[in-house]
Every structure is written in C-alpha cells, then in structure tokens.
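J.: Based on the hints, put chain B in the right spot on chain A.
Taken in order, these protein sequences are the chains called A and B.
Going by this note's numbering, the first sequence opens with residue 3, and the numbers climb by one from there.
Going by this note's numbering, the second sequence opens with residue 1437, and the numbers climb by one from there.
Do not take every clue at face value.
Stated by the list, open to error - Cut-off 25 Å, straight-line C-alpha distance, at most; resulting in silico cross-link-like pairs (SDA-like, lysine to any residue): (1) A:K267 x B:E1886; (2) A:K154 x A:Q206; (3) A:K136 x B:K1894; (4) B:K1762 x B:E1772; (5) A:K144 x B:Y1612; (6) B:K1439 x B:I1533; (7) A:K136 x B:K1439; (8) B:K1839 x A:G195; (9) A:K151 x B:P1918; (10) A:K131 x A:R115; (11) A:K145 x A:A199; (12) A:K145 x B:R1591; (13) A:K154 x A:G198; (14) B:K1894 x A:Q279; (15) A:K145 x B:R1464; (16) A:K144 x A:K267; (17) B:K1839 x A:G122; (18) A:K154 x A:R109; (19) A:K136 x B:L1459; (20) A:K61 x A:D166; (21) A:K136 x B:K1922; (22) A:K48 x A:D166; (23) B:K1839 x B:P1621; (24) A:K202 x B:F1720; (25) B:K1762 x B:R1814; (26) B:K1849 x A:H177; (27) B:K1922 x A:G195; (28) B:K1762 x B:L1626; (29) A:K144 x A:R197.
Don't read these hints as lab results, they were simulated from the structure.
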Amino acid sequence: MERRQFIKILGMSSLFLHGWLRNLFAAQGPMVAVAQGTDHAGITRKALAALGGMQQFVKPGQTVVVKPNIGWDRTPEYAATTNPTVVKTVVEECLKAGAKRVKVFDRTCNDPRRCYASSGIESALRGMKGVEVKHLEEERFKKVALNGKVLKEWELYGEALSADVYINVPVAKHHGLSRLTLGMKNVMGIMGGSRGAIHKNIDQALADVNASFRPHLTLIDATRILTAHGPQGGNLADVKVLNRVIASTDIVAADAYATTLFGLKPADIAVTRTAYQRGLGEMNLDKMRIVRV
Amino acid sequence: MKKVTSARISQLLFLALFLVLFLMTEYRGSDRIVAAVNGFFRANPLTAASTMLAAREYQPLLLPGLLVLVAAVFLGRFFCGWICPLGTILDLVTGRIRKVGAIRALTGRAKYWLLLPLLIASLLGVNLAGLLDPIALLLRALTFFFHPLFGDTVRGGWRSLYGLIGERRDLFDPGYRLLRDYLLPFRETLYPLAFLSALLFVLILFLERYERRAWCRRLCPLGTLLGLVSRLGPLRRIPAKLCADCQACREHCPTSFDRDLLQMEECILCLECSLRCPSQRVRFRFAGPRPQVGTVMERRVFLGGLVGGVVLARGLRFREPAAEAKLLRPPGVRDEDEFLKKCVRCGECMKVCLRSALYPAFFQAGAQGLYTPLLVPRLGYCEYNCTLCGQVCPTGAIPDLGKEEKQRQVIGKAVFDKNHCLPFAKRIDCIVCEEHCPIPGKAIRSERVELTGFDGVKRVVQQPYVVDELCNGCGICENVCPLEGKAAIEVFRVKDRTPLKASSGGASSSGAPPVSDPYVDPYAGGGS
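The following block holds chain A by itself, in its conformation from the complex (with noise of 0.2 Å):
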C-alpha cells in the first residue's frame, strides 16, 4: 500500500468511524452519582466521594456558598425545603477540605425567619465554627450582564457571585409550572428583582442565568421528594421517601437524572430540555457514567 493511498484510506474511514468515536467520547460523558439509603449522611458522603470527594472542588482557605432550597416556610418531612442533614453534611465535608467560610442563603418566598427555622437548616448549623446562614441583604445584588435569549441583565446575590465554590444543593420537587423543581431552578435562589416576571418564559430565562452563572457541584436530595401541589406542598400524602442523592458537576445531568424519579423523561422538563439544546450540559441518561453507590 502506498503511503497516500494510507492517508486516503484513513482520512475515509474516519468520516464512517465518526459515530464510534463520537461515542467514545460519550462514554467519558458526565458523571453522576446516585447513592442510595437510610443514612442520609452516609449517603452524602458516598456520593461525594464517588465524584473524587470535595477535596476536588474545595481547596484550602476558599470561601464556599452552599445553596439548599429554604424557599418556603415548611418543615423538612415536606420535602419542600432541603434536608437539613443533607445540608450540614455538604458543610461538614467543605469544612473538612479546608474550606476557611461557608455560608448558606437563600431568597425565601414566605418570611425568611420563618422559613430558616421551620427548614431546620437554620439549627443543624447553629455553633459550626467558619459557618455563616446568613440572610439576604438587598444592597449585595449586582447587575450581572446575561446576554440571554430572554434576560438580557439580572440582579444575582454578591456573595453567591463572589465565592470561591458555590455549590447547589437542591431538593426535587414538583413546581406547577416547570413540571419539576431542581438543580437549575434552585439557582433562581440568588436571583433579585422580581422573580415572577420571568416565570413567562421561565425555561429561558433559567438557560440564559445558568448559562452565565454555574455551581461548582450539584447535589440533589432526593431523600424526600415531594411529586404534587408544589413547589411548597404541605400534605404529607404528596410526598416519596427516596432515600437518593444525586450527585454532579453538570448541572443538567444531575437534573435530567433526578427526573426519572418521578417517572419523567428528561425531555418532558422544558428547563432540562432548552438548556441541553443551548449546550449547558447532557440529559440523555445514556452519554453520562452513572454511577450508583
């Protein structure tokens, strides 16, 4: 064989062979792990680890936001707000990389007093030396240019902006309007100014924030779902013990996995959806490496 005809050859089969290498690379996809069982710190942990444990996203010194959902004024077993253990152990395990501040907030929707209380974060926390739950100020909003589709410029929370780490810890649940809440729209959590205004276009503007703004890790509690009448429920009967954490770097692959658990295909979710047609992340199950654990 000549040395061109090789070339040739090579050059061909590569336009046949692109699926397959395509794939390859799929295979590598993102990684989300899924742990599962009773001892909720446990499995926080085993699903951290599984992701090369926070060590990989937490250097020493750095200051971490982690981002639960307290946005309503419900007790945990209403799997509207975050598990309170879920939460202090993503804490404990920045605290343990090094991390030299953590603090956790959110823009409730009901009284913010109220909300940090009933969720029980506010006192799992309580005495934790170099961490701050801290209530929003509305003088630490910044204009942030999106760019988007749909929001051209937003107010996102200064100390969200300014972390070294930020890390989204969602609860999933049912919304009336986006199907489901999860990784994505817990980040309108940061957001200011007037958050119904983008609920016309919400899987837009949600693409457009996330697009700009991106968690370090997602890790969603599924210990508790709640499957109706949210996002704030408030009957027992609407709510699914899972025992399940999620966890991921992508963002909508955490999210498009969370879906499943409610017997929903990714697509089905517009959020999910438009932000992996605009290339913010996988959510076809079968190019990421689940791992369960």
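T.: Same frame as chain A, but now just chain B:
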C-alpha cells in the same frame, strides 16, 4: 428627677419594661410569643372598662385591668405616678420645658367631656377609648413612627457603609447582627397614620409647655377614670390644704396643687409633697371622710357626655362601599361589629405582623374604624403558619387560635381579573399565584389550555382559577402577582367567614383531594 424616690425607680423600671416588651413584640424564631408583651394593655383599666362595656360581658383576659381599677379605689392614681410609661416620659422631659401657665379651656371639666362620651359610645357598641388611651398613644407612636424611623436610619447607614467599603463591611457584621436581632424592626415598613401618631405624641409633649403633666391631669381618659374611682376610696392626704406658713407643696407637686386644696382626682401619688415637706407634716392616710371637693360633674357635663357618646357611636358609622370591599380583617375575625367592640386600637397586631400585612385603617372602615387593623395584601400577606397577631391581641378581638385552626380562618376570597391576568389577557404562562398558594391542596389551580397566542403561534397555556372552598384569603397571591400596581388576583371581603373544613387545612390528614377535584395530578403513580 433629681431625687431618687421609690416612685421614680418604679417609673423607670416600668418604662424599661414597656420598651423591652415592645421590642419583644416580634417574631424571634418561635411560634409562640411571650404572653407578657401585651401586659400593659391587659392591666389597663380603661381598656378593661371600655371593652367590657362594649362587649357587655366579662373578659377574663382583662382581669388585671379590673384589678388595677379596684386598686385605684384605695390608692388613687398610683398608676399615673408609678407605672404609666407615657407619664414617665413626660416627667423626664418636662424639666427642660419652660412653663407659661395652664390653658384655661382645659382646666375645667374638659377631661370628663372626653371620658364620658368614650364610655357611653362603648356602651353603645363602639369602643373608641383606645384612640386616646395613653398606652395605646405611646405604642402607636413607637410602632408606626419612631421605631421604623430608627430602623430606617440604622439600616440606611449599614447599607451606605456597604457602598463605601464593600465586602470589608463584614468585619462589623457581628455587631450589626446584635443590633438587627434585638433592636431594629425586622422589616422596613411605612405605615399610614405614622404622621398622625407621631403628631399626637408630640402634642402631648408640647402641652408640657403650659404646666407639668398637662396631658395627665387635663385630658388623659385613663387618668380621669382612675381619679373618678379614687373619689370613692378612703385615701386622704393630711393636711388636705396648703399650710398657711409654708405652701412649699405648690412648688413640689406636679399635678394637683394649683388651688389651695389638693385635687385628689389629679394627685398621682408621687409623694413628692410628703418627702419634701420641710416640717414633715404631710402624710397619706386611709382615713375618714374627705373634705368637700365639689361634685364630680355638673348635669350639663353628664348630659353632654351622653349626647357625645351617641354621636360617636351612631354618627361615625358611614362606610364607603368601595373601601369596604377590601376591608380585610386579621385572621379569626368573623364579625365586623363584634370586632369593633373589642378592638382597642393598640397597634400590637400591626407591630407583630411578620409580613407587614396589617396596617391601621384611616377611613376604610368608616370614621369609627380609625386605627383598627386592616390586611393590605398588596403590601404584605398573612403568613400561613403564623399565629402571632391573635397571641398579642390584649382583648381577644383577634382570637388566639392554634396553627391549624388559624389556617382555616377565612379573611376573604381571592378573585381573578381576567382582563389583567397574563395567561388570559396576554396568553402567556405565569401562575406565580398558584406556586405561592400555601393551602396544601392548592386553592389556586390551573388548567392547561391550548390557545393561539397573539403572535399566531399555538401553545399550551396554564390558566389559573380559584377553588373557593379552599381559599382562606391569606393574600399571598395578590402580594406576589408579578403585575405592576394592581394585581390580577385580589382578595375581597366576604360576609360569610365560616372557617374552611378541617380536611383541607390539616397538613397531616390523609390529604386526598376532594372527590369533585378537577385537578389531575400529572405525577400520580409516578416515581421510581
């Protein structure tokens, strides 16, 4: 205030207690609030008298007030000289104000002209005493004006500090947190009538220009009531008159020695005359008949008071129907007349309302409803799990209900305005109201409707509707409606405020939706 006397110490302690209780009238992480926060009102004889007269029944909550009234029979106006925080404030400032002599119009029977109509109006079912009650006047001035002003100033400073030094402000955060958690109002609220509340308070201070404790002796209906009662008692000052050789009492006495004879109805029992008497002659004794001090009031005053009461009770009833449509009362108030009989307009509920949903009425509830609490959903909403207003109400005008019971109380009903509501008027998605509706079964639901948008594109839009049987009128939907100005969903007053059925509010109930539930749960049967 130079000499330390028992009365002075008592006054300062009670003033401190009043301020501490005022600051404690705030949500601090617990669903229950210390019962003592409304102590000054429950121990207030005027509140007790006017409320019981109006409701025509014994109110156990107000027993302390009755006890103080009984004590006044024996001890006269000790409340004014030893307890009343407004009196203490007057004593604290009066030394710095030069006196020009009493206003003649006030020296006569003016105070009876005030007290009598108030009591008669109460008897006719309109409890207006709180308008001029000194404790209420002080609390309202603090709640509506001085405390928000203080909060505004400190918070504004804290904010501009952020503008100046940015994140470095965090160094001072621990100090600010202490201030914020214990002294500042949590929420920055502007109140209607803040100006009037402050003005009345300042006017009372201004009266000190004429004579010491001018308000207390010439106008205060609470003091007048106590003075009236003390006439019956055996407490006497000896000697009753100024001694010919000394007359120092005239200098020392803050209230009742502008004439030669001690005016027992005005004596606030500060004991200055006794403590400072150069020859230690003055004594206060429980003794026999007192010297003749004249009749309480002439027939003219009595009849005038009667007419005044009728005018107050019957003449101020007009209500504007449009304003009445939005006349939303705090949760648990079911009957407007019943409420007006018991509400003493103390402002406690508005102080404690953690979402700043309650505001003092100006003329929405008619002139007779001045300062009574109104829920204004566009400004704040009734927090689903909060029961604080009922807990602090000193007269039970807002009943103190358990959480589940309160959640079922109907404040009003929400109604959509489809000309405004986005999914109807603009054919785009929204349903922020449904999202926020706190009722576990959702009193606001939505149906998916296929529509052609005004851009010609077919789409599925979720159009909301209200389930009346579940709506308690908390107002969060109106509060969060993203439309500017007027909301597309509004809570309106309803006459029938029968509480919702227990099954819909009970969080721990089986929670199955009603049989006729048109809402189909898209995730029923879902899960892993």
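J.: Run the distance test for K1922 (chain B) versus G195 (chain A): straight-line Cα separation, threshold 25 Å.
T.: Satisfied, since the Cα-Cα distance of roughly 18 Å is no more than 25 Å.
J.: Does R1464 (chain B) lie within 25 Å of K145 (chain A) when you go C-alpha to C-alpha?
T.: violated (32 Å)
J.: Hint check: K136 (chain A) vs L1459 (chain B), CA-CA at most 25 Å. Holds or violated?
T.: holds (22 Å)
J.: Hint check: K1894 (chain B) vs Q279 (chain A), CA-CA at most 25 Å. Holds or violated?
T.: Roughly 21 Å separates the two Cα atoms, so the pair holds.
J.: Does K1439 (chain B) pair with I1533 (chain B) here, judged by a C-alpha cut-off of 25 Å?
T.: Holds, at roughly 19 Å.
J.: Keeping to a limit of 25 Å between CA atoms, is the pair of K144 (chain A) and R197 (chain A) held or broken?
T.: Satisfied, since the Cα-Cα distance of roughly 15 Å is no more than 25 Å.
J.: Mind checking the alpha carbons of K1762 (chain B) and R1814 (chain B) for me, to see if they're no more than 25 Å apart?
T.: holds (11 Å)
J.: Taking 25 Å as the top limit, are the C-alpha atoms of K1762 (chain B) and E1772 (chain B) close enough?
T.: holds (13 Å)
J.: Tell me if the straight-line CA distance from K154 (chain A) to Q206 (chain A) falls inside 25 Å.
T.: The hint holds at about 12 Å.
J.: With the threshold set at 25 Å, check whether the alpha-carbon distance from K144 (chain A) to Y1612 (chain B) stays at or below it.
T.: Distance of about 22 Å is within 25 Å: holds.
J.: For a C-alpha distance cap of 25 Å, please report whether K1839 (chain B) and G195 (chain A) respect it.
T.: violated (31 Å)
J.: Given the proposed pairing of K202 (chain A) with F1720 (chain B), does the C-alpha separation stay at or below 25 Å?
T.: violated (77 Å)
When each numbered hint is compared with the structure, violations occur for hints 3, 7, 8, 15, 16, 21 and 24.
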